[in-house]
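Protein chains in written order, with my numbering: chain A, 33 to 239; chain B, 3 to 199; chain C, 571 to 842; chain D, 215 to 471.
Keep in mind that the hints are not guaranteed to be accurate.
Derived DSS-like pairs: lysine-lysine, alpha-carbon spacing no greater than 30 Å straight-line [what the hints assert, rightly or not]:
1) D/K219 <-> A/K94
2) A/K126 <-> B/K65
3) B/K151 <-> D/K244
4) D/K327 <-> B/K151
5) B/K63 <-> A/K126
One-sided excerpt, in silico: chain B residues whose CB lies under 10 Å from chain A [what the hints assert, rightly or not]:
6) A139
7) F143
8) M165
9) G185
If you are wondering where the hints come from, they were derived from the structure by calculation, not from laboratory data.
Glycine included, C-beta positions come from ideal geometry on N, C-alpha and C.
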Amino acid sequence: MRRELPMLVAGLSGLIVLLGFFFENLLPWAFNWSKELTAWGTIVSAFAMGLAAANLILIHGKRLTFKNPNWYNSAALLLSMALMVYAGIFAGQKSYLWKLLFDNLMAPLGNAMFSLLIFFIASASFRAFRARNVEATILLIAGVLVLLGRAPVGEMISSYFPVGADWLMNVPNVAGNRAILIGAAVGTVATGLRLLLGIDRSYLGGE
Amino acid sequence: MSWEFATWLAAIATLAIYSFLYSPNKIFTFFEHVYVGVGAGYGIVFGYNAIVRQGWEPMLKGKWILIIPMILGLLLFTRFIKSISWVSRLPLAFLVGLGAALSMKAIESDFLVQIRATMIPWSSLNNILLVLGTVTALTYFFFTFPDSKVVRSGALAGRWFLMAAFGAAFGNAVMGRISLLIGELQFLFKDWIHLIH
Amino acid sequence: MDFLMRLDRRWLYLIVFAVVLWPLVLPLGIPFRVSPGTMEAYKVLDALKPGDTVLMSIDYSVGGSPDIDPQAQAVFRYLMKKNVKVVMVAFVDQGVQFAEKMIREQEKLGKKYGEDFVNLGFVAGVEVAISAFAENVPKVFPKDNRGNSIDSLPIMKGITSVKDFKLVTEFATGIPGPAEWIRQVGTKYKVPIVSGVVTVMYPQSLPYVQSKQLAGLMGGLRGAAEFEKVSNTRGMATAAMDAQSMGHLAIILFIILGNIAYQMEKRRQVKK
Amino acid sequence: MAPGKLSSLILFLIVVIALLYQMNRAKGGKLPKLRRIAGLDAMEEGIGRATELGRPVFFTPGRAEINTAGAAQTFAALEILSYVGELTAKYNVELRTAIAAANVLPLAEEIVKQSYLKMGHPDKYKPEFVQFLSTDQFAYAAGSLNIMNREKVATAVMMGEFQAESMLLAEGAAQVGAISIAGTSRTFQIPFFIAACDYTLIGEELFAGGAYLSKNPDKLGTVAGQDIGKVLASLLILAGSLLATANVKVLVDLLKK
Numbered sequence: 033m034r035r036e037l038p039m040l041v042a043g044l045s046g047l048i049v050l051l052g053f054f055f056e057n058l059l060p061w062a063f064n065w066s067k068e069l070t071a072w073g074t075i076v077s078a079f080a081m082g083l084a085a086a087n088l089i090l091i092h093g094k095r096l097t098f099k100n101p102n103w104y105n106s107a108a109l110l111l112s113m114a115l116m117v118y119a120g121i122f123a124g125q126k127s128y129l130w131k132l133l134f135d136n137l138m139a140p141l142g143n144a145m146f147s148l149l150i151f152f153i154a155s156a157s158f159r160a161f162r163a164r165n166v167e168a169t170i171l172l173i174a175g176v177l178v179l180l181g182r183a184p185v186g187e188m189i190s191s192y193f194p195v196g197a198d199w200l201m202n203v204p205n206v207a208g209n210r211a212i213l214i215g216a217a218v219g220t221v222a223t224g225l226r227l228l229l230g231i232d233r234s235y236l237g238g239e
Numbered sequence: 003m004s005w006e007f008a009t010w011l012a013a014i015a016t017l018a019i020y021s022f023l024y025s026p027n028k029i030f031t032f033f034e035h036v037y038v039g040v041g042a043g044y045g046i047v048f049g050y051n052a053i054v055r056q057g058w059e060p061m062l063k064g065k066w067i068l069i070i071p072m073i074l075g076l077l078l079f080t081r082f083i084k085s086i087s088w089v090s091r092l093p094l095a096f097l098v099g100l101g102a103a104l105s106m107k108a109i110e111s112d113f114l115v116q117i118r119a120t121m122i123p124w125s126s127l128n129n130i131l132l133v134l135g136t137v138t139a140l141t142y143f144f145f146t147f148p149d150s151k152v153v154r155s156g157a158l159a160g161r162w163f164l165m166a167a168f169g170a171a172f173g174n175a176v177m178g179r180i181s182l183l184i185g186e187l188q189f190l191f192k193d194w195i196h197l198i199h
Numbered sequence: 571m572d573f574l575m576r577l578d579r580r581w582l583y584l585i586v587f588a589v590v591l592w593p594l595v596l597p598l599g600i601p602f603r604v605s606p607g608t609m610e611a612y613k614v615l616d617a618l619k620p621g622d623t624v625l626m627s628i629d630y631s632v633g634g635s636p637d638i639d640p641q642a643q644a645v646f647r648y649l650m651k652k653n654v655k656v657v658m659v660a661f662v663d664q665g666v667q668f669a670e671k672m673i674r675e676q677e678k679l680g681k682k683y684g685e686d687f688v689n690l691g692f693v694a695g696v697e698v699a700i701s702a703f704a705e706n707v708p709k710v711f712p713k714d715n716r717g718n719s720i721d722s723l724p725i726m727k728g729i730t731s732v733k734d735f736k737l738v739t740e741f742a743t744g745i746p747g748p749a750e751w752i753r754q755v756g757t758k759y760k761v762p763i764v765s766g767v768v769t770v771m772y773p774q775s776l777p778y779v780q781s782k783q784l785a786g787l788m789g790g791l792r793g794a795a796e797f798e799k800v801s802n803t804r805g806m807a808t809a810a811m812d813a814q815s816m817g818h819l820a821i822i823l824f825i826i827l828g829n830i831a832y833q834m835e836k837r838r839q840v841k842k
Numbered sequence: 215m216a217p218g219k220l221s222s223l224i225l226f227l228i229v230v231i232a233l234l235y236q237m238n239r240a241k242g243g244k245l246p247k248l249r250r251i252a253g254l255d256a257m258e259e260g261i262g263r264a265t266e267l268g269r270p271v272f273f274t275p276g277r278a279e280i281n282t283a284g285a286a287q288t289f290a291a292l293e294i295l296s297y298v299g300e301l302t303a304k305y306n307v308e309l310r311t312a313i314a315a316a317n318v319l320p321l322a323e324e325i326v327k328q329s330y331l332k333m334g335h336p337d338k339y340k341p342e343f344v345q346f347l348s349t350d351q352f353a354y355a356a357g358s359l360n361i362m363n364r365e366k367v368a369t370a371v372m373m374g375e376f377q378a379e380s381m382l383l384a385e386g387a388a389q390v391g392a393i394s395i396a397g398t399s400r401t402f403q404i405p406f407f408i409a410a411c412d413y414t415l416i417g418e419e420l421f422a423g424g425a426y427l428s429k430n431p432d433k434l435g436t437v438a439g440q441d442i443g444k445v446l447a448s449l450l451i452l453a454g455s456l457l458a459t460a461n462v463k464v465l466v467d468l469l470k471k
């Protein structure tokens with residue numbers, strides 16, 4: 033019961049979604065149910081956010097002792113979480129507080145993190161793009177060619193750079209990506225099948 | 003220089019993140035915790051809204067079947083009660099079944115469609131390279147084939163195609179990443195301290 | 571050359587920071603070609619006369635905005651310089667904020683809201699909404715974004731359908747984009763459309779220019795820089811293009827330096 | 215049937231039958247031999263290094279929720295987590311699993327607990343081993359960077375679906391001197407992992423990871439089945455493109471059905 037019932041639930045919900053996908057027109061009930069189940073998935077997952085909050089409170093609550101010299105970080109985390117929840121649910125998403133927290137704290141923090149990427153790309157270019165062997169050299173040359181082809185300065189040096197960059201993006205890049213997609217699709221079916229048939233049930237606690 | 007509190011808050015948050023580039027420090031750590039906190043709060047608000055708008059409200063309006071996902075959601079919390087903690091596997095199993103099936107849809111978009119798109123005539127060098135590149139790169143992903151010369155050289159050629167693909171994609175992405183930094187610099191030096199006009 | 575092998579990555583960061591910031595403060599003006607789509611767009615806009623009314627649809631959200639917002643800004647500034655009247659509208663909710671930002675900048679320069687421009691606001695429904703808007707503007711927008719009644723605004727006098735605009739310009743990160751506007755406005759009402767799209771949408775939108783369904787097309791930040799160049803209104807996009815070039819050169823330099831360091835290291839190991 | 219569905223279904227059934235057939239063969243004792251996957255071989259070495267240095271191992275299963283189309287990568291990552299957990303339990307090293315999707319949290323906790331139980335050390339499991347960070351992309355990235363830096367992790371394993379944060383995680387790991395092993399089938403992000411990580415599992419290699427590491431016959435069988443799927447794809451592509459060269463479009467038309 034503790035094993036079989038969850039396996040049945042997983043298998044059934046998966047089967048309905050698959051039937052709805054392949055027989056969109058032939059089995060309208062399956063199609064409609066697969067849409068319904070997908071919507072249910074969003075609702076159930078929303079409850080999981082409660083588990084996530086509990087995890088944060090558990091881990092950071094434990095650090096809230098004065099023995100811990102960095103207690104204020106955990107306090108800041110829990111406080112800002114509470115403030116955001118208050119702003120979003122009680123003050124409302126049209127309130128000044130929500131807008132301030134979102135537009136002037138969360139969004140700038142995200143944008144700043146996002147813009148760190150170019151710095152990390154810079155240090156990785158120096159550290160890792162080294163012509164160690166044939167493969168690494170191909171990677172390096174393709175990268176430099178596209179870098180030159182995608183900026184006005186490359187165009188200024190030679191009009192062949194943009195052409196070369198386009199070719200790399202349209203031929204080897206497309207071929208490589210297609211192979212990855214096809215292989216990953218087969219891998220996805222294998223993973224999904226093992227889960228739906230209950231062969232892989234580590235999520236149920238144990239083999 | 004701008005004198006709005008909101009602009010200052012955003013600017014300080016931005017600089018705190020940038021300070022990481024110099025070295026990981028206490029200010030970065032503090033703002034990272036604040037960020038994780040507001041991020042979690044944001045997630046909770048959206049979870050709450052999803053439950054109310056997609057579950058609770060339509061349920062009260064007569065769509066009583068939605069009581070099933072609502073109960074399933076609540077069952078997640080049985081994991082905190084030892085004697086019935088196995089019940090929390092039910093909602094997880096539901097989500098796992100759903101996700102397994104949804105991702106298997108890749109058989110159409112990532113398998114069928116990609117195969118079909120590669121069925122092109124050998125009418126130009128580019129077309130030939132596209133077909134051979136895809137097939138040899140697929141050979142690289144053979145895991146259980148006996149180690150033969152054909153498979154080995156196919157896989158080697160495939161690896162070269164893959165590396166060219168990765169190099170090109172890397173170079174191509176850099177441009178977009180620079181735009182992001184430009185956006186940040188404009189915020190700091192135009193909206194905040196008015197250096198750029 | 572020993573310093574290369576012990577190079578602190580913070581020097582690399584500083585170089586990136588400096589070469590991207592430098593052209594933003596002092597634009598270099600690295601030359602680039604203007605693509606035909608932008609040239610066409612410029613010709614259509616250049617042919618407008620003072621007093622003509624143009625529609626600008628701001629159909630982008632925050633996500634793709636760095637790539638497309640400079641285009642809309644360049645076009646709007648150019649139209650203002652030419653004393654063309656502009657009606658702004660959005661079929662993507664966040665578009666309203668971008669429209670408002672542009673308008674406020676011009677207000678500071680002395681242009682009048684309600685006479686030189688207006689921001690109608692956002693309406694949901696994407697393609698259906700565009701169709702309804704095209705048929706009857708005041709019916710979809712009885713009030714503008716600032717709450718004024720449409721009848722009270724001088725700029726809206728004589729505007730009932732999309733046909734009353736000399737030109738439609740629309741800036742898009744996705745849907746609605748050129749395809750939707752051509753279907754609902756270009757084909758039905760024969761109003762010329764100039765479109766601006768993000769870089770990734772540019773190749774797939776090009777056929778519309780060849781088939782004359784679009785009177786002009788600009789792609790991404792590059793398109794904005796091109797427009798600034800032909801219209802002689804050098805601005806943020808030109809500077810940003812310079813910053814792109816410098817950034818790319820910096821990354822290439824790092825790759826080369828990294829390889830020099832690598833070769834030196836190898837040689838040293840062989841000697842040992 | 216809607217266009218494309220019939221041919222999808224037929225291809226799907228062929229692949230499923232191939233998977234089941236090979237699974238059965240493997241269970242009968244005919245275990246397929248897998249080619250080497252360097253990134254997976256490096257896993258034990260990486261965790262051994264953490265033991266020597268006495269520093270934690272960082273793991274993250276990506277950002278895809280388990281009820282979405284990206285779920286398969288998360289599941290593949292969780293299979294690898296199960297192995298990593300066994301090694302950290304065996305060598306008594308601290309583990310830091312950073313979670314970005316709320317509904318992955320209970321699964322990851324369960325899996326790590328099971329790994330510790332299996333190795334006979336259920337008492338050594340700590341709540342810190344599995345930490346929820348944020349559903350927000352960059353809050354998760356910032357949190358991960360902070361864990362790597364604060365705890366000076368010796369090894370960083372990043373598997374599953376990633377977006378732009380991939381580069382932050384990979385280079386962040388390099389900056390603290392960690393051995394980094396990454397894997398994703400998200401084509402946009404592979405180049406960043408290749409550039410910045412010590413080892414990268416490309417695309418389908420991620421999906422073979424669970425089988426490769428656990429040596430479970432069922433899983434090994436499915437990997438052999440996956441190969442049949444790829445042979446099928448290669449043959450279809452070659453046949454279809456040769457036919458198209460002769461201006462025969464039968465196969466392309468068939469695959470539109």
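**Report entry** Indices of hints not satisfied (ascending)
**Finding:** When the structure is compared with the hints, numbers 1, 4 turn out to be violated.
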